[in-house]
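Participant: Here are the chains, one letter per residue:
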Amino acid sequence: MNARKVRARVFQTLMIFSLAVSMGVLAWLLISTFIDGIPALDAKLFTNPPSSLPEEAGARPAILATLYIAVLVLLFSVPIGVGTAIYMEEYAKKERWYNRFLEVNIQNLAAVPAIVYGILGLAFIVRGIGVGRVLLAGALILTLVVLPTVIIASREALRAVPDSIRQGGYALGATKWQVISKQVLPASIPGIATGSILALSRAVGETAPLLLIGALTYVAFDPTILGPFTALPVQVYTWVKLPDAGFQQLAAAAIIVLLAIVLGMNAIAIFLRSKFRQKW
Amino acid sequence: MSAQSLEAAAGAVPTSLRSSRKHYGEKVIQVLLGLCALVSIVTTLGIVLSLLVPALEFFAEVNPVDFFTGTTWAPLFEPASFGVVPLIVGTFSVTFWALLVAIPFGLGSAIYLSEYASPKRQVVLKPMLEILAGIPTVVYGYFALTAVTPLLRTLGLQVEIFNVLAGGLVMGVMLIPTIASLSEDAMAAVPQGLRDGAYGLGADKLQVSTRVIVPAAMSGIIASFVLGISRAVGETMIVLIAVGQQAKLTFNPLEGVSTLTAFIGATGNGDLPTGSTEYKTIFAVGLTLFVMTLVMNIISIRLVRKYREVYD
Chain A
1 MNARKVRARV FQTLMIFSLA VSMGVLAWLL ISTFIDGIPA LDAKLFTNPP
51 SSLPEEAGAR PAILATLYIA VLVLLFSVPI GVGTAIYMEE YAKKERWYNR
101 FLEVNIQNLA AVPAIVYGIL GLAFIVRGIG VGRVLLAGAL ILTLVVLPTV
151 IIASREALRA VPDSIRQGGY ALGATKWQVI SKQVLPASIP GIATGSILAL
201 SRAVGETAPL LLIGALTYVA FDPTILGPFT ALPVQVYTWV KLPDAGFQQL
251 AAAAIIVLLA IVLGMNAIAI FLRSKFRQKW
Chain B
1 MSAQSLEAAA GAVPTSLRSS RKHYGEKVIQ VLLGLCALVS IVTTLGIVLS
51 LLVPALEFFA EVNPVDFFTG TTWAPLFEPA SFGVVPLIVG TFSVTFWALL
101 VAIPFGLGSA IYLSEYASPK RQVVLKPMLE ILAGIPTVVY GYFALTAVTP
151 LLRTLGLQVE IFNVLAGGLV MGVMLIPTIA SLSEDAMAAV PQGLRDGAYG
201 LGADKLQVST RVIVPAAMSG IIASFVLGIS RAVGETMIVL IAVGQQAKLT
251 FNPLEGVSTL TAFIGATGNG DLPTGSTEYK TIFAVGLTLF VMTLVMNIIS
301 IRLVRKYREV YD
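Protein chains in written order, with the numbering used here: chain A, 1 to 280; chain B, 1 to 312.
Please note: incorrect hints may appear among the correct ones.
[To be verified] Straight-line Cα separation of at most 27 Å, DSS-like style, residue types lysine-lysine; simulated pairs: (1) B:LYS120 to A:LYS182; (2) B:LYS22 to A:LYS176; (3) A:LYS176 to B:LYS205; (4) A:LYS94 to B:LYS126; (5) A:LYS93 to A:LYS176; (6) B:LYS27 to A:LYS182; (7) B:LYS22 to A:LYS5; (8) A:LYS275 to B:LYS205; (9) A:LYS44 to A:LYS176; (10) B:LYS205 to B:LYS120; (11) A:LYS5 to A:LYS94; (12) B:LYS126 to B:LYS306; (13) B:LYS306 to A:LYS94; (14) B:LYS27 to A:LYS5; (15) B:LYS248 to A:LYS93; (16) A:LYS275 to A:LYS182; (17) A:LYS94 to A:LYS182; (18) A:LYS93 to B:LYS120; (19) B:LYS205 to B:LYS126; (20) A:LYS182 to A:LYS93; (21) B:LYS306 to A:LYS275; (22) A:LYS241 to B:LYS126; (23) B:LYS306 to B:LYS205; (24) A:LYS93 to B:LYS22; (25) A:LYS94 to B:LYS120.
Don't read these hints as lab results, they were simulated from the structure.
Given these sequences and hints, build the entire structure.
Facilitator: Spelled out as structure tokens, the structure:
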């Protein structure tokens, strides 16, 4: 082999290696967390409230709160996100300054650190309008955190519908909204669903903004929408901070539950995308 | 038949192609969709207001020069000291180690996925990267604290329990998908003709990748780095769990430090009385963080637009 071929081979190996690093770390993370958490992963984790005794403690209020939050975020973020996407793709005149501003604004919001949304929640929702540190406030803030993701994914799905579909609708005398609601939107549902599920999984795993609106608290009862709450990732953080080995184990067990929810959603989204990918 | 008689045959010809009937429902829907879009504008406005008002009150009490140049951060002590430099140094110290991992491995993954992997492999490998991107940051924090720090100690590094190195390296792994997928998008947008031309001149994959594709996709690649930095600067949970909350002015990766985000996360959940200087500190630090990430995000958005304009 000449030097050029050796160089090419070495380079290719390095590129494969750099991808393998991520996969290796992913495997290491999953395996070590499982080994830590399996002993504490029992029925008690799902039925008991937190406790100062690791052998008594469970995460029932946190798991329930996370499920409630997921449902609320879905109800808030999908209509607003898809509505924004339809406005931007189907109605907005791109040359207007306010539409260009909207576009840059959403791209920037997608990259604003999550904890900054927490500050927004602290200032406006919790202390400003005085709703207090309740589950609804958490769901509202997480909705704002994931809204840009839903919008961007929905826009891509709408853009993928070819213009000939719209023109065909207009030619048959349909109004703009009839074309959108009967032709464009149904065709883009798989893409919108994929993006929404991915956004939702992000909301479920998000911790930092919830710290600021007071989810770092002891809740011994099943949560209500207008009551104090702690979410599953926040419960993990609470336990990680405690030095007792029993709590470290509980943290790992709670992480397994969290990963099962989050990665399950990811898997559904990836499946939907590959199954319904439409070639026009 | 003349044109006039045609018109007569068709009856009254509308002067425009617009529908003669008013569709009020259509207007209502357009307004509703516009209102949806307004939510994100109001969000930005809300963020700016919620940061700016208390931050300005803070700067009325604490000299901004002292804030941005002071090297002692002790806002909750008596006497309080509000020098934000240790938090900024801490933030960039963690970011440095994160980028040291994320840039080479992220870029390498992107080159492999775009230039080497067969479409079949791409279908398997890309979702794996997405899974990595989907792992909650609190899990990465736990992993850094309970798996990576002990490993560093086994390797003979004298790291403290909370240290920059473990948190930074794990944050780097977290950023690999961000850099890989954005760079890969940019490389995929390079026209096939450039590749074919280079292969036609006898170049091999190494030369095509490093001398044609990477330079051609450079603005997108830089955008991915900038976005990576922005995400590292804004990351909270890994720092809070594995790097610590002790504001020290040091570049030593073996020690723990605090960052802008860690301070906000650790202080914001407390019961600081609304209106106190300590409470307003959260917003001054938040504003610093927001402005830093805003600048990086805008640079990144512009760079992406640049390569899209050239190739799309």
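Participant: Now tell me if each hint is right for this structure.
Facilitator: Structure-based check of all given hints:
no. : hint                 : result
1   : B:LYS120 to A:LYS182 : 35 Å, violated
2   : B:LYS22 to A:LYS176  : 13 Å, holds
3   : A:LYS176 to B:LYS205 : 49 Å, violated
4   : A:LYS94 to B:LYS126  : 32 Å, violated
5   : A:LYS93 to A:LYS176  : 15 Å, holds
6   : B:LYS27 to A:LYS182  : 17 Å, holds
7   : B:LYS22 to A:LYS5    : 71 Å, violated
8   : A:LYS275 to B:LYS205 : 32 Å, violated
9   : A:LYS44 to A:LYS176  : 55 Å, violated
10  : B:LYS205 to B:LYS120 : 19 Å, holds
11  : A:LYS5 to A:LYS94    : 50 Å, violated
12  : B:LYS126 to B:LYS306 : 25 Å, holds
13  : B:LYS306 to A:LYS94  : 17 Å, holds
14  : B:LYS27 to A:LYS5    : 65 Å, violated
15  : B:LYS248 to A:LYS93  : 51 Å, violated
16  : A:LYS275 to A:LYS182 : 22 Å, holds
17  : A:LYS94 to A:LYS182  : 24 Å, holds
18  : A:LYS93 to B:LYS120  : 39 Å, violated
19  : B:LYS205 to B:LYS126 : 21 Å, holds
20  : A:LYS182 to A:LYS93  : 22 Å, holds
21  : B:LYS306 to A:LYS275 : 33 Å, violated
22  : A:LYS241 to B:LYS126 : 34 Å, violated
23  : B:LYS306 to B:LYS205 : 26 Å, holds
24  : A:LYS93 to B:LYS22   : 21 Å, holds
25  : A:LYS94 to B:LYS120  : 37 Å, violated
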